[in-house]
Amino acid sequence: MVEIKHLTKYYGSKAAVKDVSFTINDNEILGFLGPNGAGKSTTLNIMCGVIPSTSGTVTINGYNIETDPVKAKRCIGFLPEIPPVYVDMKVNEYLMFVAGLRGIPASKKRSHVERVMRRLNILDVSKRLIGNLSKGYRQRVGFAQALIGDPKVIVLDEPTVGLDPSQLIEVRDLITDLKRDHSVILSSHILSEISAVCDRVVIISHGEIQAIDTIENLEDSSNANTVLKLKVQGSSRDTVRVARGVEGVVNVSNITFVKTGIYTYDVEISSLDVRNPLLSALLVNKLDVLEVSEERKSLEQVFVKLVNQPAGKKKSLKDLLDEMTDETQENKDSESASDDNNKSEEV
Amino acid sequence: MFSLYKKELQGYFFSPIAYVFIGLVTLIFSGFFVWWIYTAASTQIEFSFSYFFYYNILFTTILLIPILTMKAFAEERKNGTEVLLLSSPLSVTKIVMAKFLAVATVLVLAMIISFIYPIIASIYGYVVMPNLIASYIGYLLYGLAYIALGLMVSSFVATPGIAMLLSVAVSLILFFMELMLGSSYIASIPVISDILYWFSNQAKFENFTQGFCQLSDLVSYVTEIVVFLLWTIISIEKRRFSRS
Chain R
1 MVEIKHLTKY YGSKAAVKDV SFTINDNEIL GFLGPNGAGK STTLNIMCGV IPSTSGTVTI
61 NGYNIETDPV KAKRCIGFLP EIPPVYVDMK VNEYLMFVAG LRGIPASKKR SHVERVMRRL
121 NILDVSKRLI GNLSKGYRQR VGFAQALIGD PKVIVLDEPT VGLDPSQLIE VRDLITDLKR
181 DHSVILSSHI LSEISAVCDR VVIISHGEIQ AIDTIENLED SSNANTVLKL KVQGSSRDTV
241 RVARGVEGVV NVSNITFVKT GIYTYDVEIS SLDVRNPLLS ALLVNKLDVL EVSEERKSLE
301 QVFVKLVNQP AGKKKSLKDL LDEMTDETQE NKDSESASDD NNKSEEV
Chain F
348 MFSLYKKELQ GYFFSPIAYV FIGLVTLIFS GFFVWWIYTA ASTQIEFSFS YFFYYNILFT
408 TILLIPILTM KAFAEERKNG TEVLLLSSPL SVTKIVMAKF LAVATVLVLA MIISFIYPII
468 ASIYGYVVMP NLIASYIGYL LYGLAYIALG LMVSSFVATP GIAMLLSVAV SLILFFMELM
528 LGSSYIASIP VISDILYWFS NQAKFENFTQ GFCQLSDLVS YVTEIVVFLL WTIISIEKRR
588 FSRS
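If you read the protein sequences in the order shown, they are chains R and F. Per the numbering used here: the first sequence = residues 1 to 347. Per the numbering used here: the second sequence = residues 348 to 591.
Keep in mind the hints are simulated off the structure, nothing from the lab. One thing to keep in mind: the hints can contain errors.
[As the list claims (entries may be wrong)] Stretches of chain F that chain R covers, calculated by requiring three or more beta carbons in the stretch to come under 8 Å of a beta carbon on chain R:
(1) 350–361
(2) 423–430
(3) 436–445
Being a predicted model, the structure only gives us computed values, none of them experimental. Idealized CB from N, CA, C, for every residue including glycine.
Using the sequences and the hints given, assemble the complete structure.
Here it is as structure tokens:
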């Protein structure tokens, strides 16, 4: 378990991290999300004892990183942004060296390194120079390095940068797999990364924590009202009438003209169960549904909002989401009103 | 700490650096050896191992040791591998010591190879053993001091090439201080010449080559090594505070 309390770091007079506090529980994947330059790497580097903090404490498994660095660092595996690999070493040599650094007894080194290599699928390159490996493989070697010694806490600073999509999925699976016996903290500025694997998210911007919440909370609140995007062939007036007649449809708005006889509509429904009755009602009335898609309130919007809010004003994700829902509602209402006017003129 | 030492040493021998270093040291030694025999007094061939060492060590320390030490910290910083060491359960002191010992090992190997000259000389003539042993002790300490200096310079910068040039420059400055010490003008002002003598490595080494193993010289070399190594540690610790 990692406890970070009131962490502050100044570079000269510029604060890189201001009063950051959060905890990482056992067997948890914590996402650390923020735009570039928000202080993510600084925080992670302080956690791993690479740089000292100006004030505040980091406790890893009960060991303070400042006062008890050797014991604390034994519990941590760190993959920095640039994999810390020696380009003039072979993969297995490098991992054996790291195993030595972490204090693994010589008798167990070989089997341990082999196990880690198997786990990361790098056994086939174990005899190659790291300098000759592709970026994806280097990243995996860096990953392997973080796993050597089975540390309780694994810190990954942007582990998926520069990987191709299939490697991305592999890394995601690996991280999820790590959860069984490690705590993982994972930083990224890409939201989908975080939402794919993390249990909880810490959003940081301008060196300050903007929100700490679980992904579930985030998604629950964002799914309150689902919006279906429909593309329907037929009179827009009929479509709106039919759709509004279906029970569970809250609002039909944002009607846009695609081409003669084809419009798109945003239909807000109270639950997904309404979808089938709605579609059958449209079909019965001889309105061809060309496309159906579900629009979720994207976490991306929440993220942007959190990050752009003025410093010092902290809110929970839920508040922000509510606020956003209100705003979009208003927008939609005004849009639909004007759209309706346009429609009547057209038709 | 041992694993880092081993890795460093392997690094020197897997790349040509250690071979180039040992080769050049041996080449310079051999060159002087041959030259000395040719120019030795004609009737009774006699030459001094002391001078032999004296000239040799100038080349070794000023030009060759920076080749070994340049990569030590500068390259780690350049490649981002410094983070691996700093986040590992090794203190900075141990990191510095491991690197220092690795370079020292290469130097000792070069010295062991240089044993062939006294051996050849002893086959065909007579070698003054006390001088020779004291010379080797002096050689080792002198070399270690410059290794510590090279490591310190390497910890200041982020490019191995710059580290090497700077080390050569600093070694040259120390060497010129020696030369100034020899000038009659400086020698006439005791305060300056005393201070210069404190920092002069050559003058102390000369004592060793004469077969004198003085405590003051030993302490002075050891102090020099310790100061440079401490400075290296401080410089790395300081950089931790300001790195982003």
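Here is how each hint holds up against the structure:
1. For the segment 350–361 of chain F, the assignment as covered by chain R holds, since 7 residues bring a beta-carbon within under 8 Å of that chain's beta-carbons and 3 suffice.
2. Evaluation of the coverage hint for the segment 423–430 of chain F: fulfilled, as 5 residues show C-beta separations to chain R shorter than 8 Å, against a requirement of three.
3. Closer than 8 Å: that is the beta-carbon criterion, and the segment 436–445 of chain F has 3 residues meeting it against chain R, so the requirement of 3 holds.
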